[in-house]
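Enquirer: Okay, here's what each chain looks like letter by letter:
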Amino acid sequence: MIEVKNVTKRFGATVALDGLSFEVKKGEVLGFLGPNGAGKTTMMRIITCYMPATDGAVSVAGHDTLTDSFQVRERIGYLPESAPLYLDMSVADYLSFVAKVRGIESGSIRDRIKKTSEMCGLRKVIGKDIGTLSKGFRQRVGLAQALIHNPDILILDEPTTGLDPAQIIEMRELIKRIGKEKTVILCSHILPEVAATCDRILIIVNGKRVASGTPDELTSSSGESVNITARIHGPKEDVREKISAMDMVIGCRIKETRGDGPATFLIKAKPGDDVGQDIFKMAVDNNFSLSELRVERVSLEDVFLQLTTKEVVSE
Amino acid sequence: MRNVCAIFQKELRSYFNSPVAYIVIILFVGFTSWLFFRSFFIANRAVMRDYFSMLPWLFMIFGPLITMRLWAEEKKLKTMELLMTMPIKDWQAVLGKYIASLFLLSSMLILSLPIAITVASLGNMDWGPVIGGYIGAFLMGAAYLSIGVFASCLTENQIVAAIVSFFLSFAMWIIGESFVIFVMPASLAALFEYVGLGSHFKSIGRGVIDSRDLIYYFTVIGFFLFLNAKGIERRKWA
Ligand SMILES: Nc1ncnc2c1ncn2[C@@H]1O[C@H](COP(=O)(O)OP(=O)(O)OP(=O)(O)O)[C@@H](O)[C@H]1O
Ligand SMILES: [Mg+2]
Chain A
1 MIEVKNVTKR FGATVALDGL SFEVKKGEVL GFLGPNGAGK TTMMRIITCY MPATDGAVSV
61 AGHDTLTDSF QVRERIGYLP ESAPLYLDMS VADYLSFVAK VRGIESGSIR DRIKKTSEMC
121 GLRKVIGKDI GTLSKGFRQR VGLAQALIHN PDILILDEPT TGLDPAQIIE MRELIKRIGK
181 EKTVILCSHI LPEVAATCDR ILIIVNGKRV ASGTPDELTS SSGESVNITA RIHGPKEDVR
241 EKISAMDMVI GCRIKETRGD GPATFLIKAK PGDDVGQDIF KMAVDNNFSL SELRVERVSL
301 EDVFLQLTTK EVVSE
Chain B
1001 MRNVCAIFQK ELRSYFNSPV AYIVIILFVG FTSWLFFRSF FIANRAVMRD YFSMLPWLFM
1061 IFGPLITMRL WAEEKKLKTM ELLMTMPIKD WQAVLGKYIA SLFLLSSMLI LSLPIAITVA
1121 SLGNMDWGPV IGGYIGAFLM GAAYLSIGVF ASCLTENQIV AAIVSFFLSF AMWIIGESFV
1181 IFVMPASLAA LFEYVGLGSH FKSIGRGVID SRDLIYYFTV IGFFLFLNAK GIERRKWA
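Here the protein sequences come in this chain order: A and B. Taking the working numbering, the leading residue of the first sequence gets 1, the next gets one more, and so forth. Taking the working numbering, the leading residue of the second sequence gets 1001, the next gets one more, and so forth.
Just so you know, the hints here were simulated from the structure itself, not pulled from any lab data. Cβ atoms here follow ideal geometry from the backbone N, Cα and C, with glycine treated the same way. Possibly wrong hints are sitting among the right ones.
Cut-off 20 angstroms, straight-line C-alpha distance, at most; resulting in silico cross-link-like pairs (SDA-like, lysine to any residue) [unchecked claim]:
1. Lys1089(B) <-> His149(A)
2. Lys1075(B) <-> Met89(A)
3. Lys1075(B) <-> Pro52(A)
4. Lys255(A) <-> Ala245(A)
5. Lys100(A) <-> Val1004(B)
6. Lys1078(B) <-> Asp129(A)
7. Lys128(A) <-> Asn1017(B)
8. Lys270(A) <-> Asn286(A)
9. Lys1202(B) <-> Arg1049(B)
10. Lys1089(B) <-> Met1001(B)
11. Lys1078(B) <-> Gln1158(B)
12. Lys1089(B) <-> Glu105(A)
Residues on chain A that point at chain B, a partial pick, calculated with CB under 7 angstroms [stated by the list, open to error]:
13. Phe22
14. Thr48
15. Tyr50
16. Phe70
17. Glu74
18. Tyr78
19. Tyr86
20. Asp88
21. Phe97
22. Val101
With the Cβ distance kept under 7 angstroms, some of the chain B side facing chain A (calculated, not the full set) [to be verified]:
23. Ala1006
24. Ser1014
25. Asn1017
26. Glu1081
27. Thr1085
28. Met1086
29. Ile1088
Please build the complete structure, drawing on both the sequences and the hints.
Expert: Structure (structure tokens):
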């Protein structure tokens, strides 16, 4: 649906995008992730035909963004960073302006406004001036504006910044729902957000791709080890030896404990699903009693930090 | 056309949603009436020449007030990004905004018609020069506004936009005025007089509408609207 080939964008001496290529398939929700200044907004501006790339090509639904920009613009709904809106217009007036420009026939404009404002939870504020709305509602107006012509493609640049936690969750739910029928690119530097809503994640740093894949792929490919915490009643040294002897285990040490209670073992193992099971089995087989078993997965957060800081260090 | 119309409506709505339009219209009508009638009753002749001769100066102030927010505000609020990623051609956006400013100019002139009617009722007025004066005033004002929208697209600061358009308008007007032409070599004088905004206004104001004057104004307007379209395209090469 969206194809980005070798896109480079320079602003004078600054290189915002450096030979970036990727693809978004129809119906996919892509999380576009990167630290501040990575070039996310710049990439979205190129896809939406706001500015051309210095080099490379972008096509949307088979239409080139340079030569066929009208076709591209008609298919995209765009919520720019910080949801810029005309503050002196009422929500209804604004949506009807966008609907007109988007080519919706005047007969069905009311109907579309009603549908989208319902979908975005704007019913109560429809007659208010946008300038008087709270940040969360403005963000929703921005989203409604992007959805009014029922586009195939939705591009959202940090749609949840400035929202309170409850609204963030609501917004994510909304995006998830929309993502079921549309192709979506969601820009963010907040990982849980992307992990919660996207099919696939693309991480860029300094305008270059550093990783891409499903959230699961990203965590398993880059995690070198998992940490396991186990509390086991039994002869400490004996237990430790038995654990260390297991296939997947890299190392095991005993956490200092006070008194006679069960010892806590900190285990480092290769990633895989069965380590916890093996430990449980071992304990049962040896008649040790197991009072706690916790496997800490490498979080996406770790992966992200690892990827983005590695790049910066090697620069 | 649909897009031009949508932009025009949007701009008009925001003129009349805010006090700007009312302030501009009331100030203009009040100020011109006061200035005009102050000397009118002294001269005591049923002509409006004095009225029209102060318009080039007043438009230099009121024009920038009307146009300053048209693009500067889009840039400031960053709504430009949304506007330019919708299926609207640059020239459609330029034209829609420009026509909205023309609407305000027309309102100003129409609401000042009572001045002409008052004068006509007080004496035996020759309508020819008055009608010509109004047409000339509209065309000259339209030229000032085209300069103003262009200036507005150069910056995100409305005050800067107003100042730039004031000086551009002033320059376009002054180069054709007699005290500038007077010091010019004869070969340049004719050119400067033609390029200046004022001479055409005066000739239309005599009640004769010459196609050369019309062509002049349409050229100036077209030129600045073209620059305006180029100016908003500039973002692409930033
Ligand atoms: N119009 C511009 N002129 C000059 N430099 C620019 C312009 N737009 C972006 N840049 C530069 O390009 C780089 C990428 O910026 P961009 O806004 O795309 O980052 P981002 O990933 O969206 O960051 P954030 O998470 O902070 O929104 C930055 O170094 C920025 O300073
Ligand atoms: Mg950004």
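Enquirer: Tell me, in ascending order, the numbers of any earlier hints that this structure violates.
Expert: Per hint list: 8 and 13 violated.
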